Each structure stands twice: as structure tokens, then as C-alpha cells.
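Peer 1: Residue numbers (this note's numbering), protein chains in the order written: chain A, 1 to 380; chain B, 381 to 970.
The hints are simulated quantities; they were obtained by calculation from the structure and are not laboratory data. Please note that the accuracy of each hint is not assured.
[What the hints assert, rightly or not] From the structure, some residues in chain B lie toward chain A, with a derived Cβ separation under 8 Å:
1) Phe502
2) Pro603
3) Phe670
4) Trp722
5) Phe728
6) Ser733
7) His768
[To be verified] Distance windows between CB atoms, simulated:
8) B:Gly702 <-> A:Glu218: 55 to 65 Å
9) A:Ser177 <-> B:Gly625: 13 to 23 Å
10) B:Val827 <-> A:Ser168: 48 to 58 Å
A quick note: this is a predicted structure, and the numbers were derived from the prediction, not measured. Note that the Cβ used here is the ideal one computed from N, Cα and C, for glycine as well.
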Amino acid sequence: MTTHEFPDADSAGVVRLDEGHHPGDGKMPAEFENPGLPPHVHRMADHDDAGAKRAERQVAGLFGLSMLGTIVAMVGYFAFSTEHRSWVPGLGHVSTTNLLLGIGIGLGLLGIGLGAVHWAKTLMPDEEVVEMRHPMRSSDEARAGFAEVMREGGEKSQLFRRPLLKLSLGGAMGLFSLPLLVQLLGSLGPLPRNNLDVTFWDGHPHEGEDGKQHRTFEHPRLVTDPEGIPIKAADVTIGSVYHVLPAGLLPNADGEGGLEHGQLEEKAKAAVLLMRLDPTEFQDTPGGKKAKEWGHDGIVAYSKICTHVGCPVGLYERTTHHLLCPCHQSTFDVTDDCKVIFGPAKRPLPQLKITVDDEGYLIAAQPFQEAVGPSFWERG
Amino acid sequence: MSTADPIDSGRAADRLRAGDSRRPAPASGGSKSLGGVAGWVDDRLGPAKGVNYLMKKVFPDHWSFMLGEIAMYSMIICLLTGTFLTFWFVPSAGHTTYDGSYIPLQGVQMSEAYASSLDISFDIKGGLLIRQMHHWAALMFIVALSAHMLRVFFTGAFRKPRELNWIIGCILSMLALVEGFAGYSLPDDLLSGTGLRAAQGFILSAPVIGSYMAYGLFGGDFPGEAIIPRLYGVHILLLPAILIGLFTAHIVMVAVQKHTQYPGPGRTNDNVVGFPVMPVYAAKAGGFFFIVFGFTALLAAFVQINSIWVYGPYDPSAVTAGSQPDWYMGFADGALRLLPGWLEFNIFGHPLSLNVAIGALFLIPIMYGAMAAYPFIEAWVTGDKREHHLLDRPRNQPTRTALGVAALTFYGVLMFAAGNDLMAIKLHMSINDITYFFRAGVFILPVLAFWATRRICLSLQRSDRNMVLHGRESGRIVRTAEGKFFEAHEPLDEYTRWKLVGYERQAPLELTGGVDAHGVADRSSRGAKLRARLSQFYFGTHVDPVTPTELAAAHHDGHAHEAIEAAGESTHAGSHLTALSPADRGESSR
């Protein structure tokens, strides 16, 4: 530490701060003493009747404001229908009843609150009161007494003399919560089985005798989400992107068919993004080659469910062919088999192998070859 | 303590009446002896004695003590408005077709939960107001309790005997996050559904049991129809019951232990200086409840929040850009955005998704665990077993304050990281660069914050010393006979001075050398070494309060005091000039 710690050390050096100085006699206390409460300063309302009267009027005025607020709220509720809108600067068109009700209730409450606080601050005693603290600890006697009561209780119940009782009670207490726990945990939901591994691309779900879902692959057509229109390969222009579902999940364009149950659950796994790239844009990597091979003429289909925590990967940047998940910004490169190039996801988006049927419509050549969505322990 | 007496005031007219004896004022309506309903109750239950005690209880006054009050009141507002909402909300994922008055969604398939949330917003008079009050109060609840927690931390209010209450506070704070998440997941709009989708992904990342947990919680495949009614039960029954129970314990403990107070003239570790409940605190605290409630109502009337009708119903294949949770979940979301993908490992053919689990499953328990453990760690390092009822000024605990600011910085980086996409859009910057910056910042910035905060605290302490030794600048320029100019300084009055010198001197613990008095190796010497190191970390650099001797020296000899100032900050206990401030840590008699 330098001695010139304070900017004014030099000038302070010649200042004699003698005033009020107590001559030292060599027996200075080691520390300063607490000087006690400073003298009390009275408020205007304490010694001026007019001031007190004024404070009283202010408090009453605030309580009056509260009553006014209540009237505003009542008017807001009864005089306007829910459809009535008013234009308010800065807010635009808002529900009149909602606004007036809020303002009225707000003023009604604030008036009471501000009035009470103002009352306390101006008219109620403002001289501080001192209350003494006592150590939290009970006295030694009380503690000994407590220990004695407990010991005596144990003694009288013969708990210590009869270990069989102690052990059996402990056992029973330990076990009784088990059935409750089993009931709760056991009945909350079904086991996952293979549900996370299969999607609607594998076919319609039907439960087999082993409890697992069995599905029969039928080369479903790729249809648009939510219109349900099959997609012709020839209609997919370069640079376009489609939200796609397997045919049969949603009602078709005529409003027919579609799953009766579990539509959202199937959709949550089967959602796919379809893009068409110029085939030369795929990278010359094993991934890029495979991507092109599993696609059809530069059209590729990838699971839309992020491999991080499962949000739909909703953003496609056409110029760079990057897919971005809006939840945590995992970025996937479509030209390199949707490899992760940025963000918290680890695995690429699974690709759906596609081809065309006799009529030129896009169909799945095979279901997803791996589980879609976020990682889970059983996922190989 | 003298009683308030206008006759004591200095006015001449008043002094003439100094000898008068005043008659007691006639009893007003409210001060009659106990009768009526109160008397009837007291005849049967006898509460008068206990209530008397409570009504006379003294609470100290400080603005920062209102933070906890705001949290408490916001929670009560949530309970009230939430009860209103239960009368109209339908906690069901069952499918329905919307036929309410909001035209853009008419005829759209949605869950009953979402449809009823729309009805609350559009077709039930005042329903939107109640819904927005509920949401605003929930946000305020968590803001206020976090600020309250920081106040408690930075002033050392968590020290003995209040460690238990600090732990209860930590649990309350953590449950409030869960309660908030459960609440905003209920309307089943697109945003809340996306939040639930991510939550399912979080749960799946739990090693070994992830998929079982997810299938248990959601009652099968995501989204299923079980999660909405289950979250509803948790949100309106289970968690509120726990919150209210813990909160009651929290408040009762404050009453039993009496509130802490800031140091100041007349305030000691053995007293509470403040105002009694009746009438001052009853009016102030009661009035404050109405203020918070009224403010919430105005906020709900003027500022729209969570406009669910804009998002549309939940659809697992749709998403909106800029999907973000409510602010208090931001830090966990930010952690998820920063954790790199390579943290997913493959062990024995199973994926171990640490890139998800660290942020989604481990962060919150670790954070709250560290917070709950802190009082015990600090108490072990200081070896301080005394009760503390006087708060610390944060600057007088430089290391604790710096640790707190470092933790806050860590939290802040994570929270800002949850807005990396919005920052990229608004600032026209690369989202990758922003994310890389935060990834580095989460490690570097807390360290910088720690260092800077500690330096600032030490500087403030030295500035306090300067003020005590030299007084305050008077603005009066004096010219000496030699023609030198200087500004005259005025000494502080004893009350102001006490605020600056009334804290304890700190010094690190010293090693005993690993052997006891008989030369036998100390078994606990390894623990002791660690403790001495930590103590050195905490108190190795410390600025001591000015002692009367120092002040006297400064007054006596304007030239010699610089040597004393230099001793003000000692970097090691061994070299400390103990003669100047021999205060023994354990024997302080503040």
C-alpha cells in the first residue's frame, strides 16, 4: 500500500481536526462505543395542529380516491359489454370493461394502501421503540428438563427394554410407505417399451401380445402438413421446403380419414421437413453422399424433431441450407446429412429415405432407421 | 428513551408550559376495555395475552425489508386470483372446437384447456384482467423473492441463528420456479406446449430411468392427455400447500427470532430498534399489501402479458421463432443453449446426454444446494458460533459480497444467453459469436466480477476510514499564512461516525503448525490447513475500522497519520499492527 492512498492525503496532512477532540491520556478504548440512539426529530404534524390537520385531510383524500376507484370499477363492469373496445393512446384498441375494471380495482386498492401508509408516517408515533433480544437457546434447565421428559417417556413405554418392539415397529414404519409408493409410481404411466423407436412412418400402431407396438410398413406417401395433400416430386422446386407428415395421420384434403386417437402423439414423432437442393450442392463427404442417395433427385426428407430436446426444427435458411432450431439454436447442415454444425445438439437429424411411386408422388422408401427426437438411455 | 412530547421542543411558547402536567386524554371509542365479540372470544380461547405480545412486537424499518413483503403479498395475490381462475379454467387436454368470440381461432381444433383459457380472456367479463394479474403477480413474486434472497445474502442475515430459515427460503425459491413453470404450461398454447415438449426432452436425458420417468409423468407418449390435469393438481394443490406451509414457518421463525436490523447508533446485537406492530406496522405493512395489490391491478390493466391467443393451440410440429420461457427459467434455458453438443457421450452403448442433463436436470439442484450450504461453509471458515442479529454492510464483508456478485454474474450470463437469438436479431450480430462470447463469459466474467467487487468493497471501506479520520469536505477553502490553499474538513458527529466504524475487525485464522501444545501431530491438521487457507482467502486482505487511538493520532498530528492509514489495509495477519486495533474477535461488545 502506498501512503498516498487518498487523493487528498496531502492537503489533509495540514488540516488540524482539533475541534471536539478529547485529549488523550494513553487509555483510549480499543474501539468506538455505540453512541446510542440519536436525538429524535419531531415531524411537522407532531407540534403543528395545522400540519396534523393537513395530514388527516390527505389521508382522507386517498381513502376517497379509493372509493372513486371502486365506482370506476363498477361502471367498467356494468356499463360495457365484453365486446366493447376503446382506443387508448399507447395501448391501441383494448377491452373497455377490462381496462376500467383494472384501473378501478387498482385505484381502489392503492387509495387504501397509500392512505394507510401516509397515516402511519404522518400521524402515528414515529419515535423508535427498543425491544430487547434474548438468546435463542433455552436455559440449561429447560434443556435438561426436555431431555429428562423424553428419557422418561422412553422408559415408561419400555421402548428401551423391549428391543423386539423397537425393531418390529421400525420395520413396519419402514415398509408401510412402500405400497403407496408402488401404487403411485407403478400406475402413473405405461412403460415406454418401443414407443420412442417407432413412428407413423412405420405404419399404423397396433398393440401386439407382447405389449410392444407393432406396425406394418406400407410406403406411406408424403403429404403436406396440415392440408394432407400428397406431394409430386416434379412439383418440388429447388429451394422450396415442405412441412410433411405420413399419409393417413391427418384427414386428407377432402377431410376424410386420419387417426381417431393419438393424432398429436404420432405427429410429435412423425413430423418431417422436405427440401429440394441442387444435387451438386451436397457435400462430397460420406454423409453428403448418403444424403443424396436417400433422397430423390436432390429432394431430401429429415425428421423435424430436434435431437437436442425435441422442439420442431422450424427455421430453414435457403441460401446456406442450414436448419436452425428456434428453442436452443442447434444448427444442422442439410448438405452434409444434417450434421450438427453449431449449438447444443449432438446427433444429426435422422433422414427419411424417400422415393417416388408409379404416379410420381413422393413416398417413404423405408421408415426411419433410428429413433427420432432427443436422446434417451435405451436408444442404441 | 424519552416519549414524544411537543412540550420539549424549542419554541418559546412551549417552554412556558414546561411545568404543566397534562391530563390523560379521554378514552376514545376504540380504547374501551375488552368486550363485545372480542370479549366473547377471549372468554373461550383467551387469546388476549398472546395477541398483546404480538401487537407490541417491534420491527426495524428499512426499505430493503420490504422486498420479502412484496414476495409475500404477491404470493397472496396469486392465491386469490388463482382461485378465481379455477372457476373457469378446464384442466383437460380433451379435444374441442373453439366457438368463442375470438374470431381468428373460431372453428379451430384445440384442447379444452386452451379453449377455456381463451374464454377467460375474451368471454368472461374481467377474466383477462384476473388472468393478467395472476401472471404479473407470479412474475413479481419471483422477482421479489430473488431480490429478498440477495438482500439476505449480502447483509449476512443468513448467519446463526437463521440458517434454518435461509434453507426454507431456498426451498421456497426453488419451488416457486417449479410452480411458475407448471402454471404457464397449463393454457396449452403453442408456446407453453413447446416448453413442455422441451421438458419431456429434459426428462428423457436422465441417465437409465429417463424414458420411464417421462412415460410416468406424461402418462405415455408425448404429449398425451395426462400432463395438463396432472400439472393442474400440482399447480393448484400440491405446490401451493407446500409453499404456504413453508412460508408460514418462514414468517413464524422471523417472529420468534425477531427481525435483524442494520447497524447504526443505538442498534446492538441485543436489541431491536423500530416500530411496534400496533399501530405503526399494522398500518404500514397492511397498507403496503394494498399498494402491491393495486399496483398489480394497474399493471394488469395496462400491460399485456402472455397473449396466448396470438400463439394458437399447441401443435407438436409447429413452433414460433424466439421461443423463450418466463424470465425465471431463463438461466436454465441459457445453460442449455451454451452447453456444447460434444457433452453427449456414449457409454456402453447408451447415450449419456450431459449436454442436456447438466442444464436441465443438475443445474437447479446444484445451484440451490450450494446456496443452502453457504451459511455452514462460511461459519466453518470463520469459526464463528455467535448469534448475529446485526446485519453487515456488504462492503464490510468484501469476500462474501464478491462471491455473491460472482454467483450473480454466473446466473446473469446464463440468463442473457437465453436471449442470444433475440440479441442476434436486434443487434444484427452473429448468433454463433454471441454464443461463443457467453460460453467464455460464463467462466471468465464471474472471476472478473469477484475481483472487481472485492476491490470496490475494500476501496469503499478505505473511503469510510478516510471519512472518519479526516471528516467530510466542508467546501470551505482556507488559505494559510504561507499562501497554501486547502479545503477545511469537518469532523463527523458520533452518530454518523458510528455507522462507519461500528463493525468487527476481521483477520484470517492462523495455522497452529499441525502440532498441539504437547508437540503431538494434530489429527485434524489437514482440515485445519484447508480452513486456514479458506480463512486467508476470506480475510487475508482486510480493512479495519478506525479506532479511537487512530482518530486521536490523526487529529493530533496531521502529518503522522499517513503511516496509520497504511496500516488500515493489512494483507496478512502476521504483519498486522495489532497495537493499533487489538480488538479481540470473540470479545466484541457491539
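Peer 1: Does each hint fit the structure? Answer for all of them.
Peer 2: Results for each hint:
| no. | hint | result |
| --- | --- | --- |
| 1 | Phe502 | 7 Å, holds |
| 2 | Pro603 | 6 Å, holds |
| 3 | Phe670 | 3 Å, holds |
| 4 | Trp722 | 7 Å, holds |
| 5 | Phe728 | 11 Å, violated |
| 6 | Ser733 | 4 Å, holds |
| 7 | His768 | 11 Å, violated |
| 8 | B:Gly702 <-> A:Glu218: 55 to 65 Å | 39 Å, violated |
| 9 | A:Ser177 <-> B:Gly625: 13 to 23 Å | 20 Å, holds |
| 10 | B:Val827 <-> A:Ser168: 48 to 58 Å | 57 Å, holds |
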